[in-house]
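Protein chains: 2
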Amino acid sequence: MLTRSEEDHLKAVYALLLDGDSALTKDIAHRLRTKASSVTDMLKKLADKGLLKHEPYYGVKLTAKGRGHAVQLVRRHRLWETFLVQRLGFGWDEVHEVAEQLEHVADDKLTDRLDDYLGKPAFDPHGDPIPDRKGRIRPRKTQRLSVCRAQESVRIAAVSETTDGLLRLLDSKGLRIGTQLTVLEVHPFDGSMDIKPKNGASFSVSKEVSHHLQVEPA
Amino acid sequence: MLTRSEEDHLKAVYALLLDGDSALTKDIAHRLRTKASSVTDMLKKLADKGLLKHEPYYGVKLTAKGRGHAVQLVRRHRLWETFLVQRLGFGWDEVHEVAEQLEHVADDKLTDRLDDYLGKPAFDPHGDPIPDRKGRIRPRKTQRLSVCRAQESVRIAAVSETTDGLLRLLDSKGLRIGTQLTVLEVHPFDGSMDIKPKNGASFSVSKEVSHHLQVEPA
DNA sequence: TCCAATTTTTAGCCTCGTCTAATTTATTCG
DNA sequence: CGAATAAATTAGACGAGGCTAAAAATTGGA
Ligand SMILES: [Mn+2]
Ligand SMILES: [Mn+2]
Ligand SMILES: [Mn+2]
Ligand SMILES: [Mn+2]
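These protein sequences, in sequence, are chains A and B. Residues in the first sequence are numbered consecutively from 126, following this note's numbering. Residues in the second sequence are numbered consecutively from 126, following this note's numbering.
Some hints here could point you the wrong way.
For chains that are exact copies, the list does not tell them apart, and a pair is met inside one copy or across any two.
Claimed, not checked - Pairs of lysine-lysine residues, derived as DSBU-like cross-links and limited to a Cα-Cα distance of at most 30 Å, are as follows:
#	residue 1	residue 2
1	K160	K170
2	K259	K170
3	K245	K234
4	K298	K234
5	K245	K170
6	K190	K160
7	K298	K178
8	K186	K174
9	K321	K190
10	K259	K321
11	K321	K266
12	K259	K245
13	K186	K298
14	K151	K234
15	K234	K332
16	K190	K298
17	K323	K234
18	K245	K332
Keep in mind that the hints were calculated from the coordinates and are not lab data. If you're wondering where the values come from, they're calculated on a predicted model, not measured in any experiment.
Put together the whole structure using the sequences plus the hints.
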């Protein structure tokens, strides 16, 4: 049985490896709003438990066992987010903190039944894939909207940052998972982009926003 | 914000006061499977926070504030139990441990929406009343089956102990919340009781069982 | 190459929640 | 009443998980 803190560290490592492919002590500390010295201790502990390998200055790698724990944690997090939005009517900008707590209730029967109850959803409210009970994740080939060129037509597949501010901004512009849009123009000066949603007037989004939108061919 | 341990101590005090009307250090320790010395420390801390008053050898009394926290914890516990049974198909003997964890996710929005989602249930799967969002509890006048006399006809309102063994025994005899039955005979020798459920053959139950069945007039 | 900046670790301290063992305090009973 | 018993507290320890400040290790730039 892992403690909450152990779980959170594993999840941080897992997330850093996914989108940056290295997990350094200082980055883990930053992500968990803690200090590097605290992370050093925890990495030692997790390495002793056979959940990861740590090479200073190079980074952390998860063992199969460690990755398994991380994936199950992600599974629980995303299932709860889905429950909160689909069943309890929460907004997609309101679920992260609560799911951050619920994810630590580690009970396989609970997790699997919740999964069934929700209809074994493939994606959470932010478009992120939900691992199945065996930890398998349906792969998708998406790219950031920010790398798209003028004239491309795409569909929003996921939001790769789940801060309230971004999510509410997207809400206010009518941009959500599944929204189809065409890139009209990209402005090299600031990286901003003019886009036109399929059903709506065109407007522009900043680089900060387009960077966090994962899209797939429409 | 209370820690998990603080919450569990408050709940233990609350429960002890409800069905014994005193809460002694040693009883709290026994209920939480911990030691009296640990409880002493925690009581000091909770008293400092204005959640309870402690008089050694006499017992603990909750302040309004402390009772409020305890009642909200009970509310969350029973709502989750209801969710697990009604929505996820858990047996009533399988929910306690999980609810013991879920109850500590303290988020008013979550609790209230879960309550709505379940249709503001008045009772949990064990027949225990669920406090409403203001902490109000619908009062009921029930008594233990063990104090009933021959010929009395009653309805099972609640099970006042939620150990797996008892619940599974009741399941196997077809005794559940709402079951109507008539007391045929009480045997003074061992306190066992012959009963006849409305729809079923008669059989006998031990004192241990009848003691934990709360009934109301049929 | 070698120095400066960055990253990581170490050392020492702290709080929280728990424990055991010893002690104190209250209650109960002969 | 006074002794035995029961209940509670105190004292001291420990592990988990965090912190700061200082030291050590590595990297990378001039
Ligand atoms: Mn978490
Ligand atoms: Mn998500
Ligand atoms: Mn609990
Ligand atoms: Mn219950």
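Violated constraints from the hint list, given by number and in increasing order
Hints 5, 7, 9, 10, 13, 14, 15, 16, 17, 18 contradicted; others consistent.
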